[in-house]
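A.B. asks: Residue numbers (my numbering), protein chains in the order written: chain D, 1 to 369; chain Y, 370 to 680; chain C, 681 to 947.
Hints were generated in silico from the structure; no laboratory data involved. Every residue, glycine too, gets a C-beta built ideally from N, C-alpha and C. A few of these clues could be false.
To be verified - Here are some of the chain D residues that sit facing chain C, going by a computed Cβ distance under 7 angstroms:
hint	residue
1	Pro47
2	Asn51
3	Ser56
4	Thr76
5	Asp78
6	Ala92
7	Gly93
8	Gln97
9	Tyr98
10	Val234
11	Asn238
12	Lys239
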Amino acid sequence: MQTQNRRLLALSLVAFALAVGACTKAQEPAAAPADAAAAGPTEPVGPCALNIFIWSEYLDPEIPKAFEKKYNCKVTIDLYEDNESMVAKLQAGATSQYDIVVPGNYIIPSMIQLGLLAELRPANIPNLANLDDKFVNPAYDPGNKYTAAYQWGTAGIYLRKSAAKHQERTWKLLFDPALQPGPFLLMDSPREMLGMVLKWKGYSANTTDTAQLKEAAEVLTAAKKRSQGFEGGVGGKNKVLGKAVTASIVYNGDAVRGMTDDPDTVYFVPDEGGILWVDNMAIPAKAPHRDWAEKWIDFILDAQVGAQLSNFNQYATPNKAARAFITPADLANPAIYPPADFMSKLEFVNDVGNASKLYDEIWTQVKSK
Amino acid sequence: MATPGRSKQGVEVRFGERLTPARQIVRSALTSGPGILWVNVFLLVPLLAVIAMSFLTRGSYGQIGLPLTFENYTRLAGFGAFGFDPLYPLVILRSLVLAAGTTLVCLIAGFPLAYFIVQLKPRAKQIALTLVVIPFWTNLLIRTYAWQILLGPESLAARLGTALGLVEAGQPLYPSLGAVYLGMLAAYLPFLVLPLYSSFEKLDWSIAEAAMDLGADAPRVLRHAILPQVLPGMVAGMILVFIPAVGQFVIPDLLGGARTVLLGNAIQQQFGSSRDWPFGAAIAFVGMAVVMIGLWYYARTAGSDSEEALL
Amino acid sequence: MRKPSLPLWLWAGVIFVFLYAPIAVVIVYSFNSARHGGPWQGFTLDWYAKLFDSREKIEAAKNTLVLGLASTGIATVLGTLLGYGLSRYRFPGKKLFSRLMYIPVVIPDIVMAIAMLMFFSLLRDRLGLFELGMTTMILAHVTFQIPFVAIVIRSRMIGIDPAIEEAARDLGASAAQTFRHVTLPMILPAVVAGAMLAFTLSLDDFVVSFFTTGPGAGTLPILIYASVKRGITPDINALSTLIVLVSVIGTLAGLLLERPRRSSGES
Chain D
1 MQTQNRRLLA LSLVAFALAV GACTKAQEPA AAPADAAAAG PTEPVGPCAL NIFIWSEYLD
61 PEIPKAFEKK YNCKVTIDLY EDNESMVAKL QAGATSQYDI VVPGNYIIPS MIQLGLLAEL
121 RPANIPNLAN LDDKFVNPAY DPGNKYTAAY QWGTAGIYLR KSAAKHQERT WKLLFDPALQ
181 PGPFLLMDSP REMLGMVLKW KGYSANTTDT AQLKEAAEVL TAAKKRSQGF EGGVGGKNKV
241 LGKAVTASIV YNGDAVRGMT DDPDTVYFVP DEGGILWVDN MAIPAKAPHR DWAEKWIDFI
301 LDAQVGAQLS NFNQYATPNK AARAFITPAD LANPAIYPPA DFMSKLEFVN DVGNASKLYD
361 EIWTQVKSK
Chain Y
370 MATPGRSKQG VEVRFGERLT PARQIVRSAL TSGPGILWVN VFLLVPLLAV IAMSFLTRGS
430 YGQIGLPLTF ENYTRLAGFG AFGFDPLYPL VILRSLVLAA GTTLVCLIAG FPLAYFIVQL
490 KPRAKQIALT LVVIPFWTNL LIRTYAWQIL LGPESLAARL GTALGLVEAG QPLYPSLGAV
550 YLGMLAAYLP FLVLPLYSSF EKLDWSIAEA AMDLGADAPR VLRHAILPQV LPGMVAGMIL
610 VFIPAVGQFV IPDLLGGART VLLGNAIQQQ FGSSRDWPFG AAIAFVGMAV VMIGLWYYAR
670 TAGSDSEEAL L
Chain C
681 MRKPSLPLWL WAGVIFVFLY APIAVVIVYS FNSARHGGPW QGFTLDWYAK LFDSREKIEA
741 AKNTLVLGLA STGIATVLGT LLGYGLSRYR FPGKKLFSRL MYIPVVIPDI VMAIAMLMFF
801 SLLRDRLGLF ELGMTTMILA HVTFQIPFVA IVIRSRMIGI DPAIEEAARD LGASAAQTFR
861 HVTLPMILPA VVAGAMLAFT LSLDDFVVSF FTTGPGAGTL PILIYASVKR GITPDINALS
921 TLIVLVSVIG TLAGLLLERP RRSSGES
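Next comes chain D alone, as it looks inside the complex (with noise of 0.2 angstroms):
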């Protein structure tokens, strides 16, 4: 046996120093397709095939219908419910199954350094001019070069009123013991979900300040024990139309179509303030169908199809071509169209470089206290 012993742990030891040779060389960022540049529109080669990933409930199944029908194609749509999540996935070699995905603008710079994404060629996008003016060239993406704007929103309370023994618009519902509505959810998502706690305490949502994110994960576990525990967006709307909880936090959106649903419920974002987001379509730095990808995007920045997926979802349209067809009622709702007085008080979530270890560390304390 003891030969035996000893070759195994040979053997192990080879296959370990293997191991490390080659885990380390696992995460050089691919080059991004770099042919961005003057070269005019390209036609797209071979039949249409379309893998969509996308947030659930974001897009409006007619849609891919008449892609579909235009161009003689086959869409399949893939669903997620975070931003992290999605990233995790395409890290672990998705970049070349999808050939859109839909992330949150805080989200573009990592993806951009991790060479996740495909550069866009504008040529073949000409519906790009339809962007309104605070969404070309953003912080996130220099010119436009990797996104396209998808919606914008919120985020904030949704709760069922007759249920609700305080109803106050503000975060204390949550963070507050005294002003507990009832059984409530957090939001699933790091960033925004600390965003929303540091928007409460008075701090920036992006900021790098330790004690201050100590206080935000502090007031965050306390409210987590008191919670039901944390639920994507579109998980907690539900919950909530069906009565398993009495409050959580939604996109805007998610909520609206909510209230439609159920005239009982309300949404709205706490005096307070709170966390802005722009989702954003991209194209994965493999993806095996980049031209029809570009067709997609400029698809939906076409005027009608943009208004019919903001009429669809609710949410706010990036796309001032779209404007002019989207529901006069939304247009006119603050929950999708923040008056312009409270949106000073509302920060959009963005990319902390560095910084964003702390996050993620942060994030893990609360989940697993």
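With the hints as your guide, set chains Y and C onto chain D.
C.D. replies: What follows is chains Y and C alone, placed relative to chain D:
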């Protein structure tokens, strides 16, 4: 005629042929070879990769690379970016406690059940065993989310809970540690009952009867006559419950919300939203170490008896 | 053998209710007309109808079946050979490998899942092979199925009287012929039982599939998990009921096949 036995040169004669060591190796390579190769390549080597990964560093964007570091293990021991915090040791401890608790609960529930089944007539025995096995083969995910319905806000169980003062009116009984235990019990009970039952089947009742004739009361009969005989099956069952229970993440995920973070959830999080593979690998390695120690101890103390019981 | 006492009957009764309550509630609620998984509102077959309308679910069902059949096929062949080989032949290191073979049986499935995820990622980076998808899931499933099949076969082999094989050898059959024409028919029920076991394991698996899947290769358990996370919709109850039915039928079939050979009451 060839008879079984060893000839002088150490060549065995078995099953009607001369099996030289060389021949045995060739035969083994042809039969056992592919299976063993497969398991080695697709599981054992990857497990080594996990260990290797745990010593790597995660960059600020989530990329993995050198330098080799012990940072993941120190973090696991509690020394994170915000000072000392025995977060992970507690997570691991909680997982071990949950697994042990689950094993205990399964034992309490399953021992009488096994004893019950062995006393039935053969026909009834078959039916009872089939009834035990069927949920075992039904999808665990489905059975677990069903507990969400069973413990939901206006369910029978929740109303009972309100009556008992456990929860406020209208509140569900999950997520909670109790719900997790219920889910774990439902999931792992058959794992314990089946091996335990198989030991009960082989029980020599005459020993128990002799003990009773000699005047021993029921607890003594149980402890001295029955227990020693069913021990192999019982231990096998306990191992089959404890080890997988340590790494369970679906049940704490669905029934524990985020208030019960265990080893399985912690690992899953690193491969999902936290995007920290090296750290996840470190957690997994520690989990594996527990499994390995358990198995090694089991192999040591139980020997071949238990292997049969496992079957 | 005395009969079980009343307290034991009650205890057993409680346990069985406990074990079957989840299954029962899923089946009952699949007919519940409440839209967001709330309390009972009325009887309906709508959710079953909706199932057949959903391309996503039909795709997932197809994937689950393909995965199950493919992996079971491979695992049964390799596992049977393995079980046979381990019970008949010796080789250096056999004890060690026998022990190692138990690892997939007892290892927490999340550890196995991430190990395979890492392994496939490495291979993909270096060799461009093993894109996450159906192939990787099949490979992963076979890996945990083989030991189970081998265990079943091996336990059956212990009960086989070597005299029959000896007789065949004495009559001039080669080892391979003996295996094919004599041994195999004798252990066939065990092979089938092993195959059913492997199939059910594959059908049931969630964790390993979750980590090794790719786009378009989602299986039913993965679909159910995603739906449950988003808030249980009643059509998932309908889907689950169907899956439960398949499992129950499969289990009963497997047990029935095993039974004629068994003299003791073991399953």
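A.B. asks: A separate judgement is required for each hint: does it hold in the structure or not?
C.D. replies: Against the structure, the hints come out as follows:
A least Cβ separation of about 16 angstroms between Pro47/D and chain C goes past the 7 angstroms threshold, and the interface hint is therefore violated. Checking Asn51/D against chain C by beta carbon gives a least distance of about 5 angstroms; that is within 7 angstroms, so the hint holds. The interface hint given for Ser56/D holds, since its Cβ lies 6 angstroms from the closest Cβ of chain C, which is under the 7 angstroms cut-off. Among the interface hints, the one on Thr76/D holds; its C-beta lies about 5 angstroms from the nearest C-beta in chain C, closer than the 7 angstroms criterion.
Because the closest C-beta pair between Asp78/D and chain C is about 5 angstroms apart, less than 7 angstroms, the hint holds. For Ala92/D, the interface hint holds, the least distance from its beta-carbon to any beta-carbon of chain C being 6 angstroms, beneath 7 angstroms. Hint status for Gly93/D: holds, given a least beta-carbon distance of 5 angstroms to chain C, under 7 angstroms. With its C-beta approaching chain C no nearer than about 5 angstroms, Gln97/D sits inside the 7 angstroms limit, and its interface hint holds.
Taken as an interface hint, Tyr98/D checks out: its beta carbon lies about 6 angstroms from the nearest beta carbon of chain C, inside 7 angstroms. Against a cut-off of 7 angstroms between C-beta atoms, the interface hint on Val234/D holds, since the closest Cβ of chain C lies about 5 angstroms away. Because the beta carbon of Asn238/D sits about 3 angstroms from the nearest beta carbon in chain C, less than 7 angstroms, this interface hint is met. With a least beta-carbon distance of about 5 angstroms to chain C, the hint placing Lys239/D at the interface is held under the 7 angstroms criterion.
In this structure, the one hint that does not hold is number 1.
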